[in-house]
Amino acid sequence: MIEYNRFVLDNGLRVLVHEDPSTPMAVVNIMYDVGARDENPAKTGFAHLFEHLMFGGSINIPDYDEPLQRAGGENNAYTTNDLTNYYCQLPAENIETAFWLESDRMLSLAFSEKSLKVQKKVVLEEFKEHYINKPYGDVWHKMRQLAFTKHPYRWMTIGKELSHVENAEMDDVRNFFFKHYRPVNAILVVAGNVKTENIKRLAEKWFGEIPMGDKYQRNLPTEPRQTAARREEVHAAVPLDAFVKTWHMDARLDKGYYTADLLTEILGGGGSSRLFQSLVKEKQLFSNLDCYHFGSVDQGLVAVEGKLVKGISMEAAEKAVQEEIDKIASEKVSELELEKVKNKTESVIAFEDMGVMSRANSLAMYELLGDAALMNTELERYQQVTVDEMLQTAREIFRNDNSNTLLYYSNNR
Amino acid sequence: MIKERKKAPGIVDAVNMQLQLKPYEHFVLDNSVPVYAVNAGAQEVLMLEWVFYAGNWYEEKNIVAATTNFLLKNGTKQKKAFAINEHFEFHGAYLNRSCYNETAIITLHCLSRHLPQLLPVVAELMMESIFPEDEIAIYKQNQKQRLEVNLKKCDFIANRLIDEYVYGFDHPYGRYTSTLDYDNLERGELIKYYERFYQRGNCLVFAAGKTPPDLAQQLNKFFGDLPFNREPSPAIDHLAKPAANHQYDILNDANGVQGAIRIARQFPNRHDPDFARVQVLNNIFGGFFGSRLMSNIREDKGYTYGIHSYLQNHIHNTAWMIGTEAGRDVCRATIEEVYKEMAILRNEPVGKEELDLVRNYMMGSILGDLDGPFQIIARWKNYILNGLTEEYFYNSINIVRTITAEELQQLANKYLQPEEFYELVVV
Chain A
1 MIEYNRFVLD
11 NGLRVLVHED
21 PSTPMAVVNI
31 MYDVGARDEN
41 PAKTGFAHLF
51 EHLMFGGSIN
61 IPDYDEPLQR
71 AGGENNAYTT
81 NDLTNYYCQL
91 PAENIETAFW
101 LESDRMLSLA
111 FSEKSLKVQK
121 KVVLEEFKEH
131 YINKPYGDVW
141 HKMRQLAFTK
151 HPYRWMTIGK
161 ELSHVENAEM
171 DDVRNFFFKH
181 YRPVNAILVV
191 AGNVKTENIK
201 RLAEKWFGEI
211 PMGDKYQRNL
221 PTEPRQTAAR
231 REEVHAAVPL
241 DAFVKTWHMD
251 ARLDKGYYTA
261 DLLTEILGGG
271 GSSRLFQSLV
281 KEKQLFSNLD
291 CYHFGSVDQG
301 LVAVEGKLVK
311 GISMEAAEKA
321 VQEEIDKIAS
331 EKVSELELEK
341 VKNKTESVIA
351 FEDMGVMSRA
361 NSLAMYELLG
371 DAALMNTELE
381 RYQQVTVDEM
391 LQTAREIFRN
401 DNSNTLLYYS
411 NNR
Chain B
414 MIKERKKAPG
424 IVDAVNMQLQ
434 LKPYEHFVLD
444 NSVPVYAVNA
454 GAQEVLMLEW
464 VFYAGNWYEE
474 KNIVAATTNF
484 LLKNGTKQKK
494 AFAINEHFEF
504 HGAYLNRSCY
514 NETAIITLHC
524 LSRHLPQLLP
534 VVAELMMESI
544 FPEDEIAIYK
554 QNQKQRLEVN
564 LKKCDFIANR
574 LIDEYVYGFD
584 HPYGRYTSTL
594 DYDNLERGEL
604 IKYYERFYQR
614 GNCLVFAAGK
624 TPPDLAQQLN
634 KFFGDLPFNR
644 EPSPAIDHLA
654 KPAANHQYDI
664 LNDANGVQGA
674 IRIARQFPNR
684 HDPDFARVQV
694 LNNIFGGFFG
704 SRLMSNIRED
714 KGYTYGIHSY
724 LQNHIHNTAW
734 MIGTEAGRDV
744 CRATIEEVYK
754 EMAILRNEPV
764 GKEELDLVRN
774 YMMGSILGDL
784 DGPFQIIARW
794 KNYILNGLTE
804 EYFYNSINIV
814 RTITAEELQQ
824 LANKYLQPEE
834 FYELVVV
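Protein chains in written order, with this note's numbering: chain A, 1 to 413; chain B, 414 to 840.
For the record, the hints were derived by calculation from the structure and aren't laboratory data. Note that the coordinates shown come from a computational prediction; the quantities given were computed from them, not determined experimentally.
Distance windows between CB atoms, simulated:
#1 T817/B <-> N412/A: 55 to 65 Å
#2 K419/B <-> E339/A: 53 to 63 Å
#3 K419/B <-> Q217/A: 28 to 38 Å
#4 S445/B <-> K205/A: 52 to 62 Å
#5 Q431/B <-> I349/A: 29 to 39 Å
#6 K142/A <-> E417/B: 45 to 55 Å
#7 S525/B <-> V387/A: 20 to 30 Å
#8 I604/B <-> Q383/A: 42 to 52 Å
#9 E339/A <-> E541/B: 20 to 30 Å
#10 K142/A <-> P545/B: 36 to 46 Å
#11 H130/A <-> K474/B: 28 to 38 Å
#12 E197/A <-> S445/B: 51 to 61 Å
Here's a subset of chain B near chain A, in silico, CB distances under 7 Å, partners left out:
#13 P422
#14 A427
#15 N498
#16 N555
#17 E561
#18 G703
#19 R711
#20 E738
#21 M776
#22 G777
#23 L780
#24 D784
Note that beta-carbon positions come from the ideal geometry of N, C-alpha and C, so glycine has one too.
Required output: the full structure, derived from the provided sequences and hints.
This is the structure:
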């Protein structure tokens, strides 16, 4: 049970405080309700580039990192398709430094030309390092475009192409900031060796005067229900053939999300999972094979992904995956199998909740989803899933019409 | 109001904070296996680590140690690999194994209440693993494929080669794997290694989390009568044979858009008084986000997504390493900037403001790093395996607090000499 107090400032900033006197540290976590899904399709990668620019100086403070480090703090940030999150950890005595820094960059950035120029280059190198200069680095670019026709999950957080990042301009930066980085679109979580009363005072002092801004009205195109299977072949300079297949699944708050999560565990979560045991160990068709999903807020994807053992044909590999998929979509999983993945989920949650930083991040995430209290009922929602629901959800997800298959062939054969 | 925002709030200097390393509880099993435990944390979770002196330091043939370690859970006299995995996963537990140079480790993460069901199977892996031929064959095939993919990555190649240059290929720290090594591996070699270094091996146990009150009894019941720690590990001396040539340019992928840069020199281990002192110099140089390398090469020039320097975590002898992936056309420029930053550290004392910042940053970072039982035991494990005591911890903190700009400049002159470094670019 994670305890917290919650209050809202007049400008709409939601504040959550989780007191944990067992640590000498404090964590300040600010989540902004904007991710790559909110980007203009002609200017993708922007939410992430923007995250870099948040460290390029704010209106009154030329450098974010230096004063924080001087206060004994560390920080980082990440952007996903759904949201952008900034977090820092510092000795609890120095927590006001974090309020000063975070509130100033919410007030306004410095909009430095130099920072934009350099961070564009940095992000281009990040793009190259992870998605171009790596074998199979473009798999998810291709798969997202195949699986989504309308919804902005069509592109990756890093962006659709290098040119989108290259072409970003200061006007884009300014507009994005004043549209999304307003108190009304943000959640502040403070956790660690802190007292709610003091945090209330600091929040009013530092964030209270920031203009509320307009609540961002998210109005994304919904992905139409898929009615025919899609397939694509790729030939690339990689050493091994790879097989990737996805199916659309329920959104984060839907009941089917929890069932889908447990289904991926049964299929691909670890050494006793079905796909690994059957296709890697017994039939030896794949050298590795995983099943997972993306935890997306909107309707996301269940994925099966693996590399074929040399000499195995794509047809044989695909057929074998399909047999396992057909099985889970036609026969109930056993009570014992369901209990196993529920037990795993219980311990994953317990381990996640060990770190104060991770607890702060989860509270922000659930508040963004609509209610921080969800954090304490998650396990219960998993526990309620029945073997009948597992079958029903598997049938719905693993329809052939709902599938997207990417056959990634090696040129080297 | 504006004025107030330009001025930083007052801070407590982290250098003045009292840092305490929470002591471990220590007990010894009937067979003299030492156990170190840190009981802390609010969640009902536990981590146990069995550390064996079974790393590649002791192997006579490449990858025997790593393969033995990997296949520990792939079949025992009583259970097939699937049944072993199923047992741990059914209890929501994770059983991992990892092989290092001196040591090889079995790690269990679990909910504390499941310990009685899990411990006997962990003991079974240490005494009754059989390394089935079919499991070895699958392992070889899949590892070879994995290697083939990794060999396409410039950073993977660079990490292998730089260690080879610094230590020599025959040294456990410099050796790496080829497909041929997998082909040549035989079951009998694994069994022999297992018998000597696990079944009759030398073992220490580390425990952290919410440890049950009867932890000692539970461990003794399943591990206290195993034949561990009866004979010492063989005394083996591996001498580093560093390469003669110091500069390398490797083309791995003609179409590569980035180069992996590694610049490294030999460095003494933690018992050398310079080790803890150089940690401060390293932080200034390339050890954190605000370091000189990062500020110059990422934040000013945008040549890379990240550049870092660090002292490798080796027990015997070690290396000071600088690593980055930079745009192909700016690799040379990046290397020049690294040497420029070395020269500045040699020629000019670090300013007071920068040094104060780094002191505070390091103290805050240590404080944050002591947060939680897993982090605390990790630090203790590192000290114990390196033959150090808590004195090292308090001495290091004292160095962070008191080292002077003059001492740092002397250290820079002693160690940041370009001709001592190996330099490698892999595109």
